[in-house]
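**Q** So the chains spell out like this:
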Amino acid sequence: MTETSDHEHLHQYDPGHEHPLQADQDDSITYFKVMEAAVRNLLIEKKLITAEQIREKIEQMDARVPANGAKIIAKSWVDLEFKRKLLANPRKAIAEFGHDIGPLHLIVLENTEKVHNVVVCTLCSCYPRWILGLPPDWYKSREYRSRVVREPREVLQEFGTNISLDREVRVHDSTADMRYLVLPMRPKGSEGMTEDELVPLIGRDAMIGVTEVTV
Amino acid sequence: MPQFTVGEKVRVLSQWPPSPPIHCRTPYYIRGCSGIIERYCGDFPNPEELAFGRVEPRNLSLYRVRFKQRDLWDSYQGGLSDMIDIEIYENWLEKI
Numbered sequence: 001m002t003e004t005s006d007h008e009h010l011h012q013y014d015p016g017h018e019h020p021l022q023a024d025q026d027d028s029i030t031y032f033k034v035m036e037a038a039v040r041n042l043l044i045e046k047k048l049i050t051a052e053q054i055r056e057k058i059e060q061m062d063a064r065v066p067a068n069g070a071k072i073i074a075k076s077w078v079d080l081e082f083k084r085k086l087l088a089n090p091r092k093a094i095a096e097f098g099h100d101i102g103p104l105h106l107i108v109l110e111n112t113e114k115v116h117n118v119v120v121c122t123l124c125s126c127y128p129r130w131i132l133g134l135p136p137d138w139y140k141s142r143e144y145r146s147r148v149v150r151e152p153r154e155v156l157q158e159f160g161t162n163i164s165l166d167r168e169v170r171v172h173d174s175t176a177d178m179r180y181l182v183l184p185m186r187p188k189g190s191e192g193m194t195e196d197e198l199v200p201l202i203g204r205d206a207m208i209g210v211t212e213v214t215v
Numbered sequence: 001m002p003q004f005t006v007g008e009k010v011r012v013l014s015q016w017p018p019s020p021p022i023h024c025r026t027p028y029y030i031r032g033c034s035g036i037i038e039r040y041c042g043d044f045p046n047p048e049e050l051a052f053g054r055v056e057p058r059n060l061s062l063y064r065v066r067f068k069q070r071d072l073w074d075s076y077q078g079g080l081s082d083m084i085d086i087e088i089y090e091n092w093l094e095k096i
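First to last, the protein sequences are chains A and B. Per our numbering, the first sequence runs over residues 1 to 215. Per our numbering, the second sequence runs over residues 1 to 96.
Everything labelled a hint here was simulated from the structure, so no lab data went into it. Ideal placement from N, C-alpha and C gives every residue a C-beta, glycine not left out. Not one of these hints is a red herring.
Subject to a maximum C-alpha distance of 30 Å in a straight line, what follows is the list of computed DSS-like cross-link-like pairs (lysine-lysine):
1) B:Lys-9 to A:Lys-114
2) A:Lys-140 to A:Lys-92
3) A:Lys-114 to A:Lys-92
4) A:Lys-114 to A:Lys-75
5) A:Lys-140 to B:Lys-68
6) A:Lys-57 to A:Lys-140
7) B:Lys-68 to A:Lys-83
8) A:Lys-33 to A:Lys-47
9) A:Lys-33 to A:Lys-46
10) A:Lys-57 to A:Lys-33
11) B:Lys-68 to A:Lys-114
12) A:Lys-57 to A:Lys-92
One-sided and incomplete, this derived list gives chain B residues near chain A with beta-carbon spacing under 7 Å:
13) Leu-62
14) Trp-73
15) Gly-78
16) Gly-79
17) Ile-86
Away from chain A, derived, C-beta distances all over 12 Å, residues of chain B:
18) Pro-2
19) Gln-3
20) Phe-4
21) Gln-15
22) Trp-16
23) Pro-21
24) Ile-37
25) Phe-52
26) Gly-53
27) Arg-58
28) Glu-94
29) Lys-95
Go ahead and model the full structure; you've got the sequences and the hints to work with.
**A** Following this line, the structure appears as structure tokens:
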């Protein structure tokens, strides 16, 4: 039987052969869902905001992706003056890319031959969303949050990252008003690459500090 | 004005107010531990008041405090120089 006909078979009606239904993810109306809907409807009803403004805001939030951070990192690798500015005054440096970080502060952590930085928020899920988008699920998991502070090297190993014992592992617990972006080391073998060629090498996980960038 | 200076040795208060009803941003694992002021981050509205909707919360100095991993965990297996930096508000710190 070919793959196509097998696939078609699965969709034929067969009363003696029932599949369990996939559970919907949005079928429970929780306390916070009710509260959100109530506040949203009131704001719209009182003409303080419109449904279109809410939709636009969600669209803006969805447009924040790790590639925004990768562009900042790539520029700092090829432009040492920009890198100096990024480390000294991250707010001003990333404003050049059109990112406004509001009342929060950004700290850029430079990885070197001597120090490897990794970021966590043990209390919740603080994350530089304006430049990296939404945090990955594992970043918010109890396992990552509790383990990376007490056995960071083991956790990094599980991400495939081995840091030699003579290199300091520095964990940053983002507990309050600072947000953190790791500036990974430029990988060996990328010497001849242009800024645009470097961008796709720089993944989200390297900017959190659980991986290093490789060519 | 910040009360502590960079490089100063400080200890995180060993206080355990029940949470809830209070809200604070000092993780359990660091209470009672000693470290060094890494930097002063600025003054920010006190999260312990902010969490309860106070209209004009008091501003508090916020620091990043650096701790040696070996001082925090008896069984720490990593390098001798491994560190952890944590943001701590001034009301949770004392001079040693």
